[in-house]
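Visitor: Two chains, two separate frames, one set of hints: put the complex together.
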Amino acid sequence: MRPLYPRARGDDESLLAMNALAHITTQQLGQQLLIGLINGAFYALLSLGLAVIFGMLSIVNFAHGAFFMVGAFCAVFMLKVLGLGYWWALVFAPLAVGLLGAVTERLFIRHIAGLDVLYGLLLTFGLALVMQGVFQSQFGSSAMSYPVPPALQGPLNLGFMILPIYRVWVVVFSAVVCLLVWLAIERTKIGALLRAATENPSLVRAFGVDVPSMITLTYAFGVALAALAGVLAAPILGVQPQMGANIIAVVFAVVVVGGMGSILGSVITGFTLGLLEGLTKVFYPEASNIVVFVIMAVVLLVRPAGLFGRAA
Amino acid sequence: MLDMTRGETPGPSHLAVSGLQAWYGESHILHGVDFDVRPGELVTLLGRNGAGKTTTLKSIIGLVRKRAGSVKVLGAQTISLAPERIARLGVALCPEERGIFASLTVKENLFLPPVVAPGKGLAIERILTLFPNLAERMGSGGSKLSGGEQQMLAIARILRTGARFLMLDEPSEGLAPVIIQQIGATIRELKKEGFTILMVEQNFRFAASIADRFLVMEHGKIIDGFAAADLEANMDKLHDYLGV
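Residue numbers (our numbering), protein chains in the order written: chain S, 26 to 337; chain G, 2 to 245.
No lab work stands behind these hints, which were simulated from the structure alone.
Note that CB positions come from ideal geometry on N, CA and C, so glycine has one too.
Be aware that one or more of the hints could be misleading.
[As the list claims (entries may be wrong)] Which residues of chain G face chain S? A few of them, derived with a C-beta cut under 8 Å, are:
hint, residue
1, I62
2, E85
3, L94
4, P96
5, S104
6, E109
7, P115
Isolated chain G (complex conformation) (with noise of 0.2 Å):
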């Protein structure tokens, strides 16, 4: 059977994760996580509530601190590495809970990523294109935005920095129907420019709008894996998987 966890595209991978064990305190979180994404995949990481798939974008970016095996992002090995030498490498989280700074303005927001990448980020004119609510709201504070907007606006502030692997943590989360639409679309504008994208998902039927592939998790590690192309024949075993 074709391992699914691995791509199909040519070249080296963005992201290549072996082994990935990962501690909060005492909790043992994630038991050995396998997998790697291509340059300009999108792959979706499905599961329960608990599976891991937060704790895994996390361990990613280094913000957990008790982790161990083998992370490569971009070619690097980071598996010790601190958050912020992690990020300069090139890979940007957009978190859960969006982390819209409150005591900064929508402007201060956008703007206060680092570019870590000069040149390789999308301009300012292109990204305020993307995200044209935005634009109207760069006065107003952070706090005051619409979870639609406060979405938006997490997404926004990462294309600013160059960074060109993206990991989106259940972007659809909490969302009118609507809104997530515009924001799958804005999704497949990125992957047209390129972008790699890492995505947490709930709501697969979001992510089988944008996905290539797809990876299931289940207590810390990857369970199942399938391309897009074969989520209707998946779907009872995705069902038994999730629970829905």
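Isolated chain S, as found in the complex (with noise of 0.2 Å):
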């Protein structure tokens, strides 16, 4: 293992602490890295699906890391249940999370179309705690495991350093799912009805475009693009009831430094915001959890609008 410094000498206090910073070897930095990647990998697909679905349907979902540890709990009753394991989970627990969110938007969410924000936020938030306290009194709140799948088991030796292949995976597949979707959004003709529903609805049903329906499917993808996010971790993170809770406060901070509106906003900054969290946690480990919010603090007092969103 080959230092990153020389060894410094003297006793100082500095000095001792400089010398502790100096012993990281770039093994540490590139596992600290990847795993700042790797949260940060959870945010961007999160918080694209957040900013899809407030673009469409003006709400912020609060349910949406709900919807995350849905997707983690498909896929361990996947595996548990019918034997189907992760290449499985990858594809139906999106599907079945996506079903559900179909119906939750047909229910609940339709019905507050229009009025105040706050009833949004109220009735996703809700939906939320219900969710949760349904999966928590029935598997309780420990962690469950949820094996790596045999295929991408072992480590990558880079030669200067040695990752895990499975978050590494993680991180190119979100990488790419991002990207195809941002693709999708921008460059197709479903894209372009989906950006022009989200600026003017009324407009586009009098076209004759069942808007309505693509709220719903907008919804229901949002929240898809979440149980993938769920899948991925579940490996990672353990599956387990509050899951979904303990990681949406952040990927809210990212919808806000990246912009409400901003697909790409919400992806760079994802993987921005969790490259940067992981590389406080090896420089100053005390901030690694409030870093995030502060940079949202700063970015509301400089750029309310967020880094990638319009200004008002």
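Guide: Structural data, given as structure tokens:
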């Protein structure tokens, strides 16, 4: 293991601290950056779904973390009860949660459309509590484990550092998904419909497009992305009912920093803030929990629309 | 006296409005609108601001939720239908604010409205011949167009859909005289192609050059109507109605 900097001499307090800092090896830095990128991948996928939902429905989906959690539980359920492994879960958990999302939109969220933004907040927050409560009463609070799929187990040797294959997979796969979603929204006909309906839903209806159904599908798609993130997270974080609540606060901060309506903003900010969080953990661990929120506060003061948001 | 709310050309109406009432929340805007539009006609709704002209168009396309009475579009009763169902019958709206989507390119804007009647819409080449300025601007963002270009795009995109009954809300508003002339010429072309048009206009000189019939609205009702040929004879009355 080769140190980054030569060993420092002297017993000054600051020199001792620098000493400790200087002993971070490339390997350790790489590991922490990777963990940061992984968290960033989850933040990106989750904030992408939130941004898409906010754009179309104008509601802040507080239930997003709960759908992330349900996605992870779907993976566990599929393995333990149906004997279907990770690759099945990657496809079917988002589909199942998407269906659940469509039903939720039809039954509940549709009815508060156009009302004060507070109603959306309260409704989705309540839904999150209900979903979390149901799972907690069924499965308790302790984490269930979910195995890394055999094809992705083991180390990846890059020469200057060794990384777990599964973790690299999570980052790469998430980045690819985010890119595909962005391309779909910005470059396809369906994406044009989505963008137009986000801007002026009545006019798009007046052209003969079934916008209410589009809204249902958009909500379903947004929470399906959350469920996908849940399946990816299951082998790393373990599966427990509070996992959504644990992550959602940071995801909101990401969306605020990136700009509520911006798809690209959410993705770039998600990965970046995850990375920054990871870096902070290396150099100043005490601040790692709050660094994202400090950045959010600064951005709100300087550029309230978010870094990529359209200034009001 | 001839009932000028009804046109003279033969055949079933493309639009038959009877006793139409409409509300925005608590505000009762339309108090029983009666008129019809015959195939191939261009009817212009005149009236002061607040008379209910735009509300009438929006009620026909179904964008005003609370409405009552009878509206038959191309033969079908639409008073309780959702906007997307009404549009699919073959009617298209070109709104007052034009509604060009800023987050879409000109090309995406042009192709956005779905085809509601296959085969009946204008081919894209024909549309670009009618609006040559648009051909050059296809890749631009929707918000980068001038007022005149936006108006042309707003009309162009509904021509592709196959809708044969068009509703144009103040197409000449805020445009330079040269552009207004171009739009007038384009609308005359559309009339030749057999489109049925219901138009709201404040600029009755512009409307006079293309309309078959005028209807005057006040306080949410049609109060008068006359053929375009009788415009000069009715000029004094018109000045009274419009307060100009």
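Visitor: If a hint holds in the structure, say so; if it does not, say that too.
Guide: Structure-based check of all given hints:
Interface restraint check for I62 of chain G: the shortest CB-CB distance to chain S comes to about 5 Å, inside 8 Å, so the restraint holds. A hinted interface residue such as E85 of chain G counts as satisfied when its beta carbon comes closer than 8 Å to some beta carbon of chain S; here the least separation is about 5 Å, so the hint holds. The closest approach between the C-beta of L94 of chain G and any C-beta of chain S is roughly 5 Å, which is under the 8 Å cut-off, so the hint is satisfied. Interface restraint check for P96 of chain G: the shortest CB-CB distance to chain S comes to about 6 Å, inside 8 Å, so the restraint holds.
A hinted interface residue such as S104 of chain G counts as satisfied when its beta carbon comes closer than 8 Å to some beta carbon of chain S; here the least separation is about 4 Å, so the hint holds. Below 8 Å, beta-carbon pairs count as interface contacts, and E109 of chain G has one with chain S at about 4 Å; its hint therefore holds. Hint on P115 of chain G holds. Least Cβ distance to chain S is approximately 5 Å, under the 8 Å limit.
Of the numbered hints listed earlier, not one is contradicted by the structure.
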